[in-house]
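Everything in the sequence shown is counted per this note's numbering, starting at 966 for the first residue and increasing by one.
None of these hints come from the bench; they were simulated from the model. Bear in mind the structure is a predicted one, so any value in this text is a computation, not a measurement. Virtual Cβ for every residue (Gly too), placed ideally from N, Cα, C. Incorrect hints may appear among the rest.
[Said to hold, decoys possible] Computed Cβ-Cβ distance ranges for the label pairs, DEER-style:
#1 Gly1099 x Trp1065: 33 to 41 Å
#2 His1097 x Pro1042: 24 to 32 Å
#3 Glu1096 x Arg1057: 20 to 28 Å
#4 Lys1036 x Ile1075: 47 to 55 Å
#5 Asp1121 x Pro1047: 16 to 24 Å
#6 Met1056 x Asp1077: 14 to 22 Å
#7 Gly1211 x Arg1255: 14 to 22 Å
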Amino acid sequence: MAMASSSSLQPRLLSSFIGDRFVCSTKSLRPLLPFNTGNKQVSMQHRRVQCNLVDILFNRSNKEDDILDGKRKRLRPGKLSPHLTVPDHIMRPPYIDSRWSPQISKGAEIHDETGIEGMRASGRLAAQVLEHAGTLVKPGITTDEIDKAVHQMIIDNGAYPSPLGYCGFPKSVCTSINECICHGIPDSRPLEDGDIINIDVTVYLNGYHGDTSATFFCGDVDDEAKQLVEVTKECLNKAISICAPGVELNRIGKTIHNHADKYRFGVVRQFLGHGVGRVFHADPAVLHYRNNERGRMVLGQTFTIEPMLTIGSTNPVIWADDWTAVTEDGSLSAQFEHTILITENGAEILTKC
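Using the sequences and the hints given, assemble the complete structure.
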């Protein structure tokens, strides 16, 4: 994971991943996140103690409210299986086995033809892996089983699962169920009829990252959850449709926020889209809500758009694992994500089969 500072000097959290952990309360992020405005990189303090405290208080206060809406159980962590391994011949990203936490790369990466083809290949593989993962979603399967299938498909194709080992993340994919906004860690919990689950896949193939996610239905999902998922996907598609060289980046957030407002869904602000290419996280920081940030899209640039919408509160609470972000009121959250390339004709979606 990495952090970026915007022109207003407000620190932002990047999704899919952020360096040295992140927010542990629903209060303002500003006092928690020191950053260097000179080099646009943010140093993050490890806050395991605070995260544990928030997690304990959050869970204690909701022990008597384990059933949400009279039917759905509040999400709880399951057991983790041992780490999976990657064959030695597969190319690893630089942050693996490094003593240093990755930082967000300064400046947007503009690709030449070689880079564009590399991004197309990694994006295509990520999309194929995500499509396969989605076919596995059914009541009774565990997210750990999904992780193992994703891991195997990625390494079978000569790629590295980008999340594995990124700032200590223990798995090869993120699986975020129901009220989990993002960064859910695959574990022993079986999926239940009526769940929704976001699966977030990133692959590192021949030196390039391809990053994508989608939210899937598990069994018989109620109408409110279906609408949330459908509108979140629409938000992503509408945002992509306005992208082109010279377009202001802040139009992405306006487009998403306007559409979400029509259905009275909340837009999560703490996790953002990001530049992606040879590095996992780079400029630009892509905000999904209305904002006045400066910056324009550039021909040959690649970045993710990944709106996260909620039915209720948009405030995240982070579990003691330092990763899993859930809505503070237990309301449902959905997310969709594509990696796009800015072209002369607009935007090319790289993470499509």
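Cross-check of the supplied hints:
Between Gly1099 and Trp1065 the beta carbon distance is about 35 Å. The supplied range of 33 to 41 Å therefore holds. Range check, His1097 to Pro1042: Cβ separation about 26 Å, and the 24 to 32 Å hint holds. Hint check: Glu1096 to Arg1057, Cβ distance near 25 Å, so the stated range 20 to 28 Å holds. Between Lys1036 and Ile1075 the Cβ separation comes to about 50 Å, which falls inside the hinted range of 47 to 55 Å.
Between Asp1121 and Pro1047 the C-beta distance comes to about 20 Å, which sits within the given range of 16 to 24 Å. Checked against the hint of 14 to 22 Å, the C-beta distance between Met1056 and Asp1077 comes to roughly 20 Å, which is consistent with it. Separated by about 20 Å at the C-beta atoms, Gly1211 and Arg1255 satisfy the suggested range of 14 to 22 Å.
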